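Engineer: As a plain string of letters, each chain reads:
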Amino acid sequence: MTDSTSPVPAYVAPATLKERDAARQAKRISARVLVYAALLLWTFISLFPIYWTITTSFKTAVNVTQGHLVPWVDFQPDWKGWRSLGLSPDTIGRTSTVREEFLLRFENSIIASVGAATLAVAIGSLAAYGLSRFTYKFGPWRNKDIAFFFLSQLILPPVVLAMPFLVLYKELALLDSKIGLILIYTLMVLPIVIWIMRDQFDTIPLELEQAALVDGCSTWGAFFRIVLPIALPGMVAAFILSVVLCWNEYFFAALLTSTNAKTIPVMVASQTGSQGISWWSMAAISTAAIAPLLLIGIFLERYIVKGLTAGAVK
Amino acid sequence: MQGSSPVTNAQDFPVASENWWTGRRTLGQALIILGSIGLAAIVLLQLLDAMGATSLGFTNWRPSLYAYLAWAICLGAGQILIRGEAGHRAVFLLPALLFTIVMVIFPTFFGLYIAFTDWNLSSLSGRQFSGLDNLRAMLSDPYYWNAIRNMTYYVVAVFVQYAIAFGLALLLNADIRARKFFRVAFLLPFMLSPVAVSWMIGKSLMEFRFGPAATLARHLGWDSPAFFTTPWIARLSIMAMDAWVWIPFIMILLLAGLQALPKEISDAAKVDGASPWQSFWQITFPLMLPVSVTAIVLKIIFQLKLADIVINVTAGGPGGATDTVSSFIFREYRDRSNVGYGTMLAEVYLVIIIIFVMLMLHFAGRFMRKVT
Amino acid sequence: MRLQHYERLLKLSRRDVLKGAAGAAALSAAGGLTGLSTSARAQSDLRTQMLQIPGVGKGQPTDADWQQVGELCLGPTKANVQQGEFAGVELSFMGLNNQNLHNLLFRGFLKPWEAYTGAKITWIDLAQADYNPRLQQSIATGTVDFDILEMGAPLEGDVCGKGLASEMPDWVKTQIEMDDYVGYLKPPVGTWDGKTYRISIDGDCHTFNYRTDVFSDAELAKQWAAEGGQGEWAVPKTWQQVQAVTKFLKGKKLNGQDLYGYLDPPKGWGGFGFYFLGSRATAYAKHPDDKAWLFDVDTMKPRVNNPAWVRAIQDVIDALPFEPADQLNADPGTTGFQQFLAGTGSMLSWWGDIGSNAKTNDSSVIGDVCGFDILPGSDDVYNPKTGQWDKLQSGPNYAPNMAYIGWGIYVMSRVDSDAKKQKAAWSAAAHLGGKDISLWMAAYPSGFQPYRQSHFNIPEWVAAGYDEAFITDYLKSESDSYNHPNAAIEPRIPGIFQYYSVAEDELAKIFAGGSDAQTGADRIAAAWEKITEQIGRENQIKLYKASLGL
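Residue numbers (the numbering used here), protein chains in the order written: chain B, 1 to 314; chain X, 1 to 372; chain C, 1 to 550.
Please keep in mind that the hints were generated in silico from the structure rather than gathered at the bench. In this text the structure is predicted, and so the values were computed from the model without any measurement. We put the CB at the ideal spot given by N, CA and C, even for glycine. It cannot be assumed that every hint is accurate.
[To be verified] Computed cross-link-like contacts, BS3-like style, restricted to lysine-lysine with a CA-CA straight-line distance of at most 30 Å:
1. C/K253 with B/K178
2. B/K170 with X/K370
3. B/K144 with X/K305
4. B/K170 with C/K162
5. X/K263 with B/K137
6. C/K542 with C/K195
7. B/K178 with C/K421
8. B/K170 with C/K420
9. B/K27 with X/K263
10. B/K170 with C/K120
11. B/K144 with X/K370
[Claimed, not checked] Partner residues are not named here, just some residues of chain C that face chain B (Cβ under 8 Å, in silico):
12. K120
13. W123
14. G395
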């Protein structure tokens, strides 16, 4: 391959070679500069609003309305937001109804999100494997239709499922229960898990399982011992997305819970109403709410790494 | 796209035989029949009880739920016993399928029924069957069709989001330092709750007088940075906020896909001397098509449900320019308790989207077959 | 008291704490409340003592403070209930969590009550945006899983109309001393279809908030006269003046800041936005001789497209070009909390909150240059019977808008089957609606406004440590509105918020330039007719009449 369009002499002088190396080196460096510049730009875009939220939790009303940016430079940080939650240094020792409320909701959010995500990933991976490897036929419906059936559950805007689900849950005595919330969240994220995992399984070459099956492994064995470890990046990605979607789900949480299964998003929305906007409280709750997700992201990120396909085919 | 290559082979491949005792088929069949009878009986009893024909004292429908669970287990076990290997394969799919069916069957039919009623929650006469009235009202509802038109704009924005997300995924997949930091940082926007996004960004960051975004805009020469008062700028602002939240979603799907790509292929390309640009378009992109299609389809579905940001920041304004179908249905269903009409709007929307997504998948499938 | 009021009062009153403490001491020492019987004196001692918890200037009240107040005010409960009488009873309470007040406050107040009576309360907290839908959907699907409800009066149509509320027993009426309520909260507003269901805990009305510095500026006065402005440069008293001032102020500056006049919220707010058009319209549409102003009483024909309302809509259309550039995206929350309080705009209608949120910080933007008054009136008022505009003998027509009427506590009829549970539920509700405890709620951050005559006893407030000048101003604007003979009160019919919500949608279109005022108003009227038909016209007429006391 040549970089130029002019005819190249059969014999290339060393000087030109060196120039070519230098040119390539320069291109490589400038490419890397561009890459890092792009990364940093997007990091700024991603993180600035988060930074804004965190600093707002340390502001008072005036700072918020005046749009001050940098703590200690533009404004004096204040514990007001955290105090309203009962999480500031001066309130942390005392009893605080708000903090009890917040922690209860926090706990429920964790149970509901992690529970639903786990359940969804479990049964979703199985279903996705089936849809990827096997041919199903229920009457006129093939794999494609079954996959589409799952997908169609995502489409209906949840707002119109309000009345039907209210009635359904009332009849099943699942209202205001953590189990009920887990079930409906699983329903919500299952299609996503299935479609993501199906793509993952599709990219895993069949030879691996075939080798295992020849060796006497059952289908289940092949799935659990061979395929699953390779599909881990996809599973982790699906899990993280499911947890985030369930964690921030507002609509069904507001509708189907009362005292026992209430979650965080409604509390965030409660910080504003016809009496004002408690920016600092809202920011504080949002920051506290994003913290566990951040931890999950940090902890699980290492699993979204290159699969083990590289050596496996041998 | 449906993984046509792996499927045809797996089915035919012989599995190590196992020792089955005779009569397992009958056992399997008996199991299924038993489970079905049990389920039918309990459901029938509960129905009779609910209608008042009997008084067995059922307080709720949990017994039916448990009977269903038992039936599902019987079905699974029966399948394995009767059909052996094929039964095992069926059991992979059964949990998800049966779970989904039991959760949605009632809401789907009840929802469909509601769509054909005139049901205002404040009305003393309750639900009234009204046939096609809701449909007729919908056809002449200016707000609904305005919202549908807006949705086409929003859907186009998805492709822009996809392009940016793909770029980011490629960057994160490359050999860079502090990769963990960048990956987590890029994922953060998706984690912020939509309520927080609407308020912290839409109302605080982008506030006209003192918000940082407005200040930046003034520095860049825009004197009167009113982000939400003219139709197109309002739409672009909403699209920007939505993109900020959802690009990480697309990005993480694409990243997982990129990670799963066999390394040999891209190595081979490099040895051949292909430039990065060529290797991308001719190797990476086609290989990533299935994942891309999934990501785009999922994102479009979420985009079509976009409501929170619109409701909280612009309430559909100015003059309906940013109104989405979901936020309009929200107002109709929740603020005006016009449940019957709202459900009809949603059902029609569902049909439109299903047709749209089916067409998309169909054409994407054709495109991929052409390319690969 | 609304949180913002309280914080403002703190700022003003800090320097007066000493004066207040001395005042309180002087009051009790000199038997300052002479002429009262011993029991009354004891009660006023209680009230004085209660107002010292936690004390003005001693920081935001905490959980412990709420519980202390609840304990102090248990007297009326103890008179009617034995200790431990409700052991084993479980009640569930549904209400708002608005900025961590409302329900959280009630928890604190009711803890001593629970300890005394042995009952247990579980809590359902909703965000304001979900409140109405959740209530409607629970009612419609029969999932009413609460015994006590905190609800806004306008929603009575849906709850009481379906027979879901329990009627107030007489012993409760005595315990909470209902005669003490301000004028407009007494029957017919205090009742629904002739029966009493509500324990009021709040009063709501729109008042007029304005910037005192703008209207006392000599430079602006000169310019006003120079540009042909009518009359003195002063706080507008009528909407006609408001329009003129708004047009005048655009482009002017004060201390380097751009000035604007009146702030309109053209964007919807879950139905609440309609109140703000209402505030502009009541002076035109509420005739002193007519109790109705939204619908015709005998037919439920909407009046929203009559000349009075159309004029109000036109006023907004005319004023919008003179308001800030992003006004189209401003809902009431924006106009109040992001604009007016941040120094933009010089006139605003809002609930009592806004005007006093001037001093939440030493470097606040508008300082204490905020004044309030009742809503502006109008030089002429529309007479629906004659179809003419009348000029009243008494001068401009004033019609304060009792927007949202006020929060109340209701007991659900599902407790009626169990006598013990019923008594427990009403006792808990009565505890929250008690005379003394309500004074504390009025004086400290709670989310609620004064609503009893006994709340307007200025010396009590001064003794507690509040600045006299400010508290007089604050309370006067409220009491003038509450007791106004021509107050405009909304109909408490089923689905009232549906009417507001559909109006908001149409108004947003009108204000964005989609149509002219009359056409848009006609569309609103048509939509309202449809809703009335859907809900049931006969019933709406009956209930509308009952709510007006006809």
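Engineer: A separate judgement is required for each hint: does it hold in the structure or not?
Structural biologist: A quick look at each hint next to the structure:
{"no.": "1", "hint": "C/K253 with B/K178", "in the structure": "violated, 57 Å"}
{"no.": "2", "hint": "B/K170 with X/K370", "in the structure": "violated, 51 Å"}
{"no.": "3", "hint": "B/K144 with X/K305", "in the structure": "holds, 23 Å"}
{"no.": "4", "hint": "B/K170 with C/K162", "in the structure": "holds, 20 Å"}
{"no.": "5", "hint": "X/K263 with B/K137", "in the structure": "violated, 35 Å"}
{"no.": "6", "hint": "C/K542 with C/K195", "in the structure": "holds, 14 Å"}
{"no.": "7", "hint": "B/K178 with C/K421", "in the structure": "holds, 28 Å"}
{"no.": "8", "hint": "B/K170 with C/K420", "in the structure": "holds, 26 Å"}
{"no.": "9", "hint": "B/K27 with X/K263", "in the structure": "holds, 24 Å"}
{"no.": "10", "hint": "B/K170 with C/K120", "in the structure": "holds, 24 Å"}
{"no.": "11", "hint": "B/K144 with X/K370", "in the structure": "holds, 19 Å"}
{"no.": "12", "hint": "K120", "in the structure": "violated, 12 Å"}
{"no.": "13", "hint": "W123", "in the structure": "holds, 6 Å"}
{"no.": "14", "hint": "G395", "in the structure": "violated, 32 Å"}
In this structure, the hints that do not hold are numbers 1, 2, 5, 12 and 14, in rising order.
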